[in-house]
Amino acid sequence: MVLEQIKEHQVIAILRGLDPAMVLPVAEALYAGGIRLVELTLNSPGALPAIEALTATLKDRMLVGAGTVLDAAEARNAIAAGARFIISPTLDADTIRATRDLGAVSIPGAYTPTEVLQAHRAGGQIIKVFPAQSPAYIRDLRAPLSHILLMPTGGVGVENIRDFKKAGGVGFGIGSALVDARKQGEPNFLSQITGKATALLQALYGS
Numbered sequence: 470m471v472l473e474q475i476k477e478h479q480v481i482a483i484l485r486g487l488d489p490a491m492v493l494p495v496a497e498a499l500y501a502g503g504i505r506l507v508e509l510t511l512n513s514p515g516a517l518p519a520i521e522a523l524t525a526t527l528k529d530r531m532l533v534g535a536g537t538v539l540d541a542a543e544a545r546n547a548i549a550a551g552a553r554f555i556i557s558p559t560l561d562a563d564t565i566r567a568t569r570d571l572g573a574v575s576i577p578g579a580y581t582p583t584e585v586l587q588a589h590r591a592g593g594q595i596i597k598v599f600p601a602q603s604p605a606y607i608r609d610l611r612a613p614l615s616h617i618l619l620m621p622t623g624g625v626g627v628e629n630i631r632d633f634k635k636a637g638g639v640g641f642g643i644g645s646a647l648v649d650a651r652k653q654g655e656p657n658f659l660s661q662i663t664g665k666a667t668a669l670l671q672a673l674y675g676s
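Its first residue numbered 470, the sequence shown is counted upward by one per residue in the numbering used here.
Please note: incorrect hints may appear among the correct ones.
Said to hold, decoys possible - Think about it this way: if two alpha-carbon atoms lie no more than 27 Å apart in a straight line, the pair counts; the simulated DSS-like pairs of lysine-lysine are:
1) Lys634 to Lys476
2) Lys476 to Lys528
3) Lys635 to Lys528
To be verified - Restraint ranges, calculated between C-beta atoms of paired labels, are given here:
4) Asn657 to Leu614: 36 to 44 Å
5) Arg631 to Glu584: 32 to 40 Å
6) Pro656 to Met470: 22 to 30 Å
7) Ser603 to Pro489: 32 to 40 Å
To be clear, the hints were calculated from the coordinates, so they are not data collected in a lab.
Predicted model, so just to flag it, every value in this text is computed and none were measured.
Don't be surprised by glycine CBs; every beta carbon is placed ideally from N, CA and C.
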C-alpha cells in the first residue's frame with residue numbers, strides 16, 4: 470500500500486533543518502501545492518516529535534517518512550514515531566532489515582551499479598540514487614538493472630524532473646528546490662513553497 474502510494478505520487482519533499490515550529494506549516498504548504506509525500510530528516514531539530522506531529526495531523530492526507538536514517542536503531546525509532554517509509558543516504562543491510570520487519574518501506578541509498586544491486590538484494594524496495602548527477606546516469610543504470618526501482622535524489626528540480634522521469638525514475642527526492650530551510654524567516658516563505666510545488670508537479674506531469 471505505502472509502496473504503491475510512493476509510486477503513484479512520486480515526489481518526496483525533503484524537510485531538513487527546519488525550525489520544529491515550521492515543520493507542520495511547511496507540510497501544509499506543500500500539500501496545498503499538490504505534494505503528498507514528505508520526508509523529515511533525522512538530523513533536523515526535534516525530528517522524532519515532528520514526525521509524530523505530522524503523522525497525527527496529516528495521516529489521511531500525506532505519507533510521512535524519515536530520512537538520513539543511518540542505522541537500525543534510528544529506523545526503529547522513526548517507525549515508532551509514525552514514519553511509513555525509511556530513506557537512507559547509504560546502504561546498510563541492518564537498517565533495511567529492521568525497516569522491512571516493522572512493515573515500513575525501505576529506500577536505501579546507493580550510487581554505483583554494484584551498490585544498487587546490493588541494496589536491492591538486501592531488501593530495498595526503491596533504491597535512492599544519490600547524488601543523481603544526470604538523467605543520463607539513471608538511464609545507464611536502468612539498462613542492466615531495469616527490474617530495480619530507482620529514485621533519483623539530489624540535483625532534481627523543475628528544470629530536469631521530466632528528463633529524470635523519462636530516464637526511468639519512479640520517484641524523486643526533492644530538497645532545497647522545494648524547501649530551503651535557510652529562507653524560513655523570509656516573507657512569503659510558505660506561499661513560495663506552494664508555488665514551487667505546483668510548478669514542479671506541472672513540470673513532471675504537464676503536457
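Against the structure, the hints:
no.	hint	in the structure
1	Lys634 to Lys476	holds, 12 Å
2	Lys476 to Lys528	holds, 18 Å
3	Lys635 to Lys528	violated, 31 Å
4	Asn657 to Leu614: 36 to 44 Å	holds, 42 Å
5	Arg631 to Glu584: 32 to 40 Å	violated, 26 Å
6	Pro656 to Met470: 22 to 30 Å	violated, 39 Å
7	Ser603 to Pro489: 32 to 40 Å	holds, 35 Å
When held up to the earlier numbered hints, the structure conflicts with 3, 5, 6 and fits the remainder.
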